[in-house]
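Can you build the whole structure from these sequences, using the hints too?
Number of protein chains: 4
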Amino acid sequence: MPRLTSLSLVIAAVLAVTEASAQQPAVPEQMPFDVPYGPSITADRAAQVVQAVVAEARRPPRNWKLAIAVVDPNGDLVYFYRMDQTQHASNNIAIGKARTAARFRRPTQAFFDVMQTPAGAYVSTLDPTLVASPGGIPLVEGGRIIGAIGCSGAMGSQDHVACQAGANTVR
Amino acid sequence: MPRLTSLSLVIAAVLAVTEASAQQPAVPEQMPFDVPYGPSITADRAAQVVQAVVAEARRPPRNWKLAIAVVDPNGDLVYFYRMDQTQHASNNIAIGKARTAARFRRPTQAFFDVMQTPAGAYVSTLDPTLVASPGGIPLVEGGRIIGAIGCSGAMGSQDHVACQAGANTVR
Amino acid sequence: MPRLTSLSLVIAAVLAVTEASAQQPAVPEQMPFDVPYGPSITADRAAQVVQAVVAEARRPPRNWKLAIAVVDPNGDLVYFYRMDQTQHASNNIAIGKARTAARFRRPTQAFFDVMQTPAGAYVSTLDPTLVASPGGIPLVEGGRIIGAIGCSGAMGSQDHVACQAGANTVR
Amino acid sequence: MPRLTSLSLVIAAVLAVTEASAQQPAVPEQMPFDVPYGPSITADRAAQVVQAVVAEARRPPRNWKLAIAVVDPNGDLVYFYRMDQTQHASNNIAIGKARTAARFRRPTQAFFDVMQTPAGAYVSTLDPTLVASPGGIPLVEGGRIIGAIGCSGAMGSQDHVACQAGANTVR
Numbered sequence: 149m150p151r152l153t154s155l156s157l158v159i160a161a162v163l164a165v166t167e168a169s170a171q172q173p174a175v176p177e178q179m180p181f182d183v184p185y186g187p188s189i190t191a192d193r194a195a196q197v198v199q200a201v202v203a204e205a206r207r208p209p210r211n212w213k214l215a216i217a218v219v220d221p222n223g224d225l226v227y228f229y230r231m232d233q234t235q236h237a238s239n240n241i242a243i244g245k246a247r248t249a250a251r252f253r254r255p256t257q258a259f260f261d262v263m264q265t266p267a268g269a270y271v272s273t274l275d276p277t278l279v280a281s282p283g284g285i286p287l288v289e290g291g292r293i294i295g296a297i298g299c300s301g302a303m304g305s306q307d308h309v310a311c312q313a314g315a316n317t318v319r
Numbered sequence: 149m150p151r152l153t154s155l156s157l158v159i160a161a162v163l164a165v166t167e168a169s170a171q172q173p174a175v176p177e178q179m180p181f182d183v184p185y186g187p188s189i190t191a192d193r194a195a196q197v198v199q200a201v202v203a204e205a206r207r208p209p210r211n212w213k214l215a216i217a218v219v220d221p222n223g224d225l226v227y228f229y230r231m232d233q234t235q236h237a238s239n240n241i242a243i244g245k246a247r248t249a250a251r252f253r254r255p256t257q258a259f260f261d262v263m264q265t266p267a268g269a270y271v272s273t274l275d276p277t278l279v280a281s282p283g284g285i286p287l288v289e290g291g292r293i294i295g296a297i298g299c300s301g302a303m304g305s306q307d308h309v310a311c312q313a314g315a316n317t318v319r
Numbered sequence: 149m150p151r152l153t154s155l156s157l158v159i160a161a162v163l164a165v166t167e168a169s170a171q172q173p174a175v176p177e178q179m180p181f182d183v184p185y186g187p188s189i190t191a192d193r194a195a196q197v198v199q200a201v202v203a204e205a206r207r208p209p210r211n212w213k214l215a216i217a218v219v220d221p222n223g224d225l226v227y228f229y230r231m232d233q234t235q236h237a238s239n240n241i242a243i244g245k246a247r248t249a250a251r252f253r254r255p256t257q258a259f260f261d262v263m264q265t266p267a268g269a270y271v272s273t274l275d276p277t278l279v280a281s282p283g284g285i286p287l288v289e290g291g292r293i294i295g296a297i298g299c300s301g302a303m304g305s306q307d308h309v310a311c312q313a314g315a316n317t318v319r
Numbered sequence: 149m150p151r152l153t154s155l156s157l158v159i160a161a162v163l164a165v166t167e168a169s170a171q172q173p174a175v176p177e178q179m180p181f182d183v184p185y186g187p188s189i190t191a192d193r194a195a196q197v198v199q200a201v202v203a204e205a206r207r208p209p210r211n212w213k214l215a216i217a218v219v220d221p222n223g224d225l226v227y228f229y230r231m232d233q234t235q236h237a238s239n240n241i242a243i244g245k246a247r248t249a250a251r252f253r254r255p256t257q258a259f260f261d262v263m264q265t266p267a268g269a270y271v272s273t274l275d276p277t278l279v280a281s282p283g284g285i286p287l288v289e290g291g292r293i294i295g296a297i298g299c300s301g302a303m304g305s306q307d308h309v310a311c312q313a314g315a316n317t318v319r
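Chains as they are written, first to last, in the numbering used here: chain A, 149 to 319; chain B, 149 to 319; chain C, 149 to 319; chain D, 149 to 319.
Careful, some of the hints might be misleading.
The list cannot tell twin chains apart, which means a pair is met if one copy fits it or any two copies do.
Stated by the list, open to error - Straight-line C-alpha distance at most 20 Å; calculated EDC-like pairs for lysine to aspartate or glutamate: (1) 213 <-> 182; (2) 213 <-> 192; (3) 213 <-> 232; (4) 213 <-> 275.
Treat the hints as calculated values from the structure; they're not laboratory data.
So this is what it looks like as structure tokens:
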């Protein structure tokens with residue numbers, strides 16, 4: 149019984165390690181980490197980004213409950229929206245993902261991927277506010293980072309999908 | 149029966165939390181992390197839950213010494229009972245487990261299992277108050293989370309067993 | 149009328165919080181700090197409350213730049229909106245004011261007033277997250293606290309005025 | 149108008165300063181601060197102490213809603229009970245009062261009284277966990293401190309009265 153459990157764990161871990169590359173385009177390549185910072189996203193624009201996330205989260209048969217945060221390039225909160233009945237823990241996680249994506253200028257998926265390997269354990273020592281879970285994405289407009297968005301409440305990859313729908317509204 | 153349940157929990161938890169299979173709709177059904185929040189458990193009800201935990205902990209030949217915490221759906225403390233001669237460290241752990249179970253709407257066993265693998269190291273970056281050790285369980289009444297219970301002081305699996313006895317008194 | 153109300157609030161708050169007149173039953177009636185908690189305000193409702201605050205802040209010749217936070221009865225964030233060009237420090241202050249108003253079930257003006265006197269210095273020892281500045285107001289619907297709103301960015305009394313405009317939309 | 153307010157503040161402050169000596173026996177004299185520590189209060193005994201507090205809080209026409217904490221001589225939590233509909237902020241305050249009373253071996257009223265004067269502002273620098281508000285009382289049995297009780301939720305002097313009813317059950 150414990151062995152079966154262990155086996156499941158291993159399988160799950162392997163699946164997890166291979167997930168990003170297998171199911172999604174290689175994010176790091178697409179998003180170079182030296183995109184320059186621009187001025188902050190406005191609050192009204194942030195509200196529109198979040199609206200797109202909420203629509204994505206509600207698309208049937210989905211019924212994801214998400215906390216959604218938009219931060220400025222420094223990681224300070226610009227806009228926050230907690231869908232009703234979202235798990236309470238997601239408040240800080242969404243804000244943390246957005247902050248991480250803005251301050252490190254990369255999707256939080258990157259840190260998640262690194263931490264899937266033992267060699268990546270050091271990531272947790274970099275910054276106590278770093279959240280290494282998918283669902284944080286920089287918002288890039290005209291080649292400049294104007295902020296970032298963070299989503300939490302569903303599974304990490306779902307958080308990422310919903311967040312991406314919001315990020316896609318910024319060009 | 150408890151073993152089978154336990155195994156299912158482990159597998160579901162690993163799959164769900166490692167993000168390995170975000171597209172597999174089966175996982176949420178096995179371990180629904182989206183149980184809606186209801187109003188807080190009352191203090192007197194919480195006292196009854198704890199009474200059941202204490203009875204379980206004392207059942208011969210057991211002689212577990214536990215700190216036991218009951219929190220509301222947001223993770224704020226409702227009731228706390230430290231059995232005499234419990235290790236002092238267990239105070240914060242019990243409260244942390246209960247808080248984690250309430251705010252993440254799942255047993256802390258789920259996080260413990262994920263962190264058994266290198267791929268699960270990222271869990272420690274999600275929330276500084278997250279306690280990834282068995283012994284935190286949501287309290288669900290009529291399909292709504294009315295709080296959570298956390299136990300600490302024995303081995304993690306024993307904490308879980310004792311806590312479950314308390315959780316079982318809520319339906 | 150607003151002035152009279154404001155004065156009554158001040159007097160009631162001072163009397164109540166300084167413990168000067170514990171035996172005077174009149175104080176609770178004037179400022180009932182024991183309004184029961186209800187279920188959390190919804191996100192969409194919170195957005196409407198904030199909209200009213202923003203309109204109030206922009207009413208010419210005003211041009212107040214505010215960070216505005218709405219929290220649930222436990223003080224967890226439901227909605228946040230930072231008007232463009234608001235001072236960065238106001239983010240945490242707005243959230244802190246809302247949290248204080250929800251968790252203490254009273255306007256933060258009450259704590260500000262008490263701390264205007266040397267005798268009120270003790271207030272700063274009550275809770276490290278307490279913000280004793282005007283601009284945090286409970287949101288009461290049908291006699292129950294469904295959350296609170298916090299505003300920061302202008303002068304404290306202006307923050308309060310703007311916040312009150314939002315609170316007035318909840319009955 | 150502002151002047152009237154200021155006057156009220158002054159009056160309230162004066163009342164507050166004189167409260168302890170005018171309405172209550174001088175606590176410091178009754179409770180020397182060098183009472184030796186004994187073994188910790190048991191959990192069941194703590195539960196009885198809290199029961200007495202709850203009864204006191206409910207005595208008509210009172211209807212105080214209190215968070216009640218009992219700690220051991222080191223200030224670690226032994227028992228906690230939050231009466232339904234207590235303000236959320238009182239959780240940490242009750243625990244803080246109990247901890248302060250145990251670790252400083254004196255009623256928190258003592259710190260409150262000192263902080264009523266400008267010369268007492270230094271108290272807030274002693275220990276970040278010190279709570280200088282009435283309602284924390286050491287529990288002394290046979291001349292030894294076996295713990296402390298802290299109450300929060302009503303006005304400070306009411307918290308003190310309720311707590312004292314609990315402390316009186318320990319001799």
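Checklist line | Unsatisfied constraints (hint numbers, rising) | finding: none
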